[in-house]
Structure formats: C-alpha cells, structure tokens
Amino acid sequence: EAGVAQSPRYKIIEKRQSVAFWCNPISGHATLYWYQQILGQGPKLLIQFQNNGVVDDSQLPKDRFSAERLKGVDSTLKIQPAKLEDSAVYLCASSLTGQTNQPQHFGDGTRLSIL
Amino acid sequence: AQKVTQAQTEISVVEKEDVTLDCVYETRDTTYYLFWYKQPPSGELVFLIRRNSFDEQNEISGRYSWNFQKSTSSFNFTITASQVVDSAVYFCALSLSGNTPLVFGKGTRLSVIA
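Going line by line, the protein sequences match chains Y and Z. Residues 1 to 115 (our numbering) are what the first sequence spells out, left to right. Residues 116 to 229 (our numbering) are what the second sequence spells out, left to right.
Misleading hints may appear alongside valid ones.
[Stated by the list, open to error] Derived contacts from chain Y toward chain Z, CB cut-off under 7 Å, selection only:
{"no.": "1", "residue": "A2"}
{"no.": "2", "residue": "Q41"}
{"no.": "3", "residue": "G42"}
{"no.": "4", "residue": "P43"}
{"no.": "5", "residue": "L45"}
{"no.": "6", "residue": "F106"}
{"no.": "7", "residue": "D108"}
{"no.": "8", "residue": "G109"}
No lab work stands behind these hints, which were simulated from the structure alone. Since the model is a prediction, treat every value here as computed from it, not as a measurement. C-beta: ideal position from N, C-alpha, C; glycine also.
With the hints as constraints, model all of the structure from the sequences given.
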C-alpha cells in the first residue's frame, strides 16, 4: 500500500511570509495528524483530525497556524506569517481509526527553513 | 501530564556490538501504550513496536528486543549485533488509551560504525 505522501519536501521562506504544506494519508485512514519536529527534539502534535473534524488542536498556535481537511482525505497546514522559531520538520501521520491500538504511519516530512 | 525521557542523546558503537537505548516514562494513568519509532536520515518515522501497560512480557523481533518494566517505568530497546543500517534516531513515545496523541521523547541518535 502507498504510504503517507507529503509535499513539498523542502521549503525556504523569509520571516513574515506564508507557506502551506500538503498531506495525503494512507487510503482508508480516518485519522490524520500534523506534528512539528524542531531540530534535536521529538515530534510534537499540532492538530489531529478524525475524518474532516478536529479532535485536538490544543497545541496549534492559532494566531498563525491553520489546518484543514475538507473532504476527510487530504489535508493542508498553513503558516501565516512565519516566524524564525517555526523552522522545523512538519510531519504528517495517519492511522486507521485514531485509537491507540492502531499505529500511526508517518510521511517523510517537510523541512521548513525560515530566513 | 505525560512525559518521556530518553537520557542518551547520542550513542556510537562499532558494528556487531550490542546496544541498549533507554526510555523512562511518566504517567498517572494505569492504562497506556508505549512505542518505539526509528527515524533514519531520510526523515520518516518508522513504527517498530507498541506495548500496552498490562503486558509486561519482553518481546524479541529478530535482532531487536524490548524490556518493559513497570516497577521502574522503563521501556528499553536493545539491538543485538548492530549493523550500519541501524544508524538512525530512535524515539520512545507514550500514549494513553483511546484517541489520544503520542508524546515523544527527545530521541537517541545511534551511530553504528563499520
């Protein structure tokens, strides 16, 4: 089966610019996650979707970050305006149901550099 | 709140040596799940294992083995006869039961030298 697809692979922007990332989960996976991984740290959950509804966005900086999953399949994560501290790898993951007994499968991530 | 500590930031071993990666977790819940993921240089996180809090049996999968000890809140990972392809960052993670997010440790970078 095809894995989680993410694009772009790399992105370099200047601070205060906007950027968007795209994720296509594994077919049939109802739950989709966006994680932020800052260099030298483990991934931190930004937002979790169950189909097209938000389950958890408590750690999403909502003044600058937004995410959507309109048709319950693909998802986009946007940052506007970007800050230097947003430099990180943004990982998308999906799981079949979102229950803990279902492992999360991760994409390759988008490496974002803010100048 | 949940917390995962991986005290070893970097480990370097020579090929064929055994190596153990430590993981200590904190949670007040009695039902939880522990995970290990591997992150090779390509960047994706590869799922290795999941254990629930009621199953303390050690597990072996090829050269990989895991030692879960609730008494010390530890879930350590051992690679036997390490290979260069094992070089990666390894993350331990914790999740409560149900629809809850993973809480990751900071990872241990393993370098296996030929």
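Numbers of the earlier hints that this structure fails to satisfy, in rising order: Hint 1 is the one this structure does not satisfy, whereas the remaining hints hold.
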